[in-house]
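Sequences listed follow chains A and X, in order.
Using the numbering used here, the letters of the first sequence map in sequence onto residues 704 to 815.
Using the numbering used here, the letters of the second sequence map in sequence onto residues 66 to 174.
Hints may be right or wrong, so weigh each one.
[As the list claims (entries may be wrong)] Straight-line C-alpha distance at most 20 Å; calculated SDA-like pairs for lysine to any residue:
| # | chain 1 | residue 1 | chain 2 | residue 2 |
| --- | --- | --- | --- | --- |
| 1 | A | Lys760 | A | Gly743 |
| 2 | A | Lys717 | A | Gln787 |
| 3 | A | Lys760 | X | Gly106 |
| 4 | A | Lys760 | X | Ile67 |
| 5 | A | Lys714 | X | Gly66 |
| 6 | A | Lys781 | A | Ala705 |
| 7 | A | Lys714 | X | Gly158 |
| 8 | A | Lys781 | A | Val792 |
| 9 | A | Lys760 | X | Gly158 |
| 10 | A | Lys760 | A | Arg801 |
| 11 | A | Lys760 | X | Leu76 |
| 12 | X | Lys119 | X | Gly158 |
| 13 | A | Lys760 | X | Gly156 |
| 14 | X | Lys119 | X | Pro104 |
| 15 | A | Lys714 | X | Ser140 |
| 16 | X | Lys119 | A | Lys717 |
| 17 | X | Lys119 | X | Leu136 |
| 18 | A | Lys714 | X | Gly106 |
| 19 | X | Lys119 | A | Thr779 |
| 20 | A | Lys714 | A | Ser802 |
| 21 | A | Lys714 | A | Glu774 |
| 22 | A | Lys781 | A | Asp727 |
| 23 | A | Lys760 | X | Arg87 |
| 24 | A | Lys781 | A | Glu803 |
| 25 | A | Lys760 | A | Glu774 |
| 26 | X | Lys119 | A | Val792 |
| 27 | A | Lys760 | A | Lys717 |
| 28 | A | Lys714 | A | Glu803 |
Just so you know, these hints were derived from the structure itself, not from any lab.
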Amino acid sequence: GAGVSQSPRYKVAKRGQDVALRCDPISGHVSLFWYQQALGQGPEFLTYFQNEAQLDKSGLPSDRFFAERPEGSVSTLKIQRTQQEDSAVYLCASSLSRSEQFFGPGTRLTVL
Amino acid sequence: GIQVEQSPPDLILQEGANSTLRCNFSDSVNNLQWFHQNPWGQLINLFYIPSGTKQNGRLSATTVATERYSLLYISSSQTTDSGVYFCAVEGFGNEKLTFGTGTRLTIIP
């Protein structure tokens, strides 16, 4: 079946703009995760959903970051008033609960 | 939180050579995964291995949970094996993965 998909694959934003990044998990996967990967680093956890419930948002770097998964399937990560330090690859992963995580191709965000 | 260390940070090998990558973690874990990040940035699942040994073709992995380390073995390296290899662990009480800093593997023809 299809893997995790993310859109857009690339996004260029001017500083101060709002952006929305979409994740379509593997069908039937209960858990959905967002990670941020800076250049040359390993991915770092941002937030996690089980179905529509956001169970952990401890990794979100500021209140400009907001994630939702209203129907327990597709998720959107929104960044308000983007800053240059927000430039990174944003990765989405999904899993059956407490099992192997599968990652999407990521969205590369560049803030000018 | 859990600390994850990988070694070596960089590894350059001739095609056909064998290699061993190591992952140490600081606490008991519920899950451990090995990934290969290809040059296009895609994280490819290699192993889901909280304990024991698994093999898949030229790759194998062993996790010794009681001693808090895991090893990834790559035999008869090919140029397509180049990329960054990440170890990631899931602690108890939270499903999030904590990643190591990775090992960058370069295979020279």
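Verification of the supplied hints:
no. : hint                   : verdict
1   : A:Lys760 with A:Gly743 : violated (24 Å)
2   : A:Lys717 with A:Gln787 : holds (9 Å)
3   : A:Lys760 with X:Gly106 : violated (24 Å)
4   : A:Lys760 with X:Ile67  : holds (17 Å)
5   : A:Lys714 with X:Gly66  : violated (32 Å)
6   : A:Lys781 with A:Ala705 : violated (24 Å)
7   : A:Lys714 with X:Gly158 : violated (34 Å)
8   : A:Lys781 with A:Val792 : holds (14 Å)
9   : A:Lys760 with X:Gly158 : holds (14 Å)
10  : A:Lys760 with A:Arg801 : holds (18 Å)
11  : A:Lys760 with X:Leu76  : violated (35 Å)
12  : X:Lys119 with X:Gly158 : violated (25 Å)
13  : A:Lys760 with X:Gly156 : holds (16 Å)
14  : X:Lys119 with X:Pro104 : violated (25 Å)
15  : A:Lys714 with X:Ser140 : violated (38 Å)
16  : X:Lys119 with A:Lys717 : violated (47 Å)
17  : X:Lys119 with X:Leu136 : holds (11 Å)
18  : A:Lys714 with X:Gly106 : holds (15 Å)
19  : X:Lys119 with A:Thr779 : violated (35 Å)
20  : A:Lys714 with A:Ser802 : violated (31 Å)
21  : A:Lys714 with A:Glu774 : violated (25 Å)
22  : A:Lys781 with A:Asp727 : holds (15 Å)
23  : A:Lys760 with X:Arg87  : violated (30 Å)
24  : A:Lys781 with A:Glu803 : violated (26 Å)
25  : A:Lys760 with A:Glu774 : holds (18 Å)
26  : X:Lys119 with A:Val792 : violated (30 Å)
27  : A:Lys760 with A:Lys717 : violated (26 Å)
28  : A:Lys714 with A:Glu803 : violated (28 Å)
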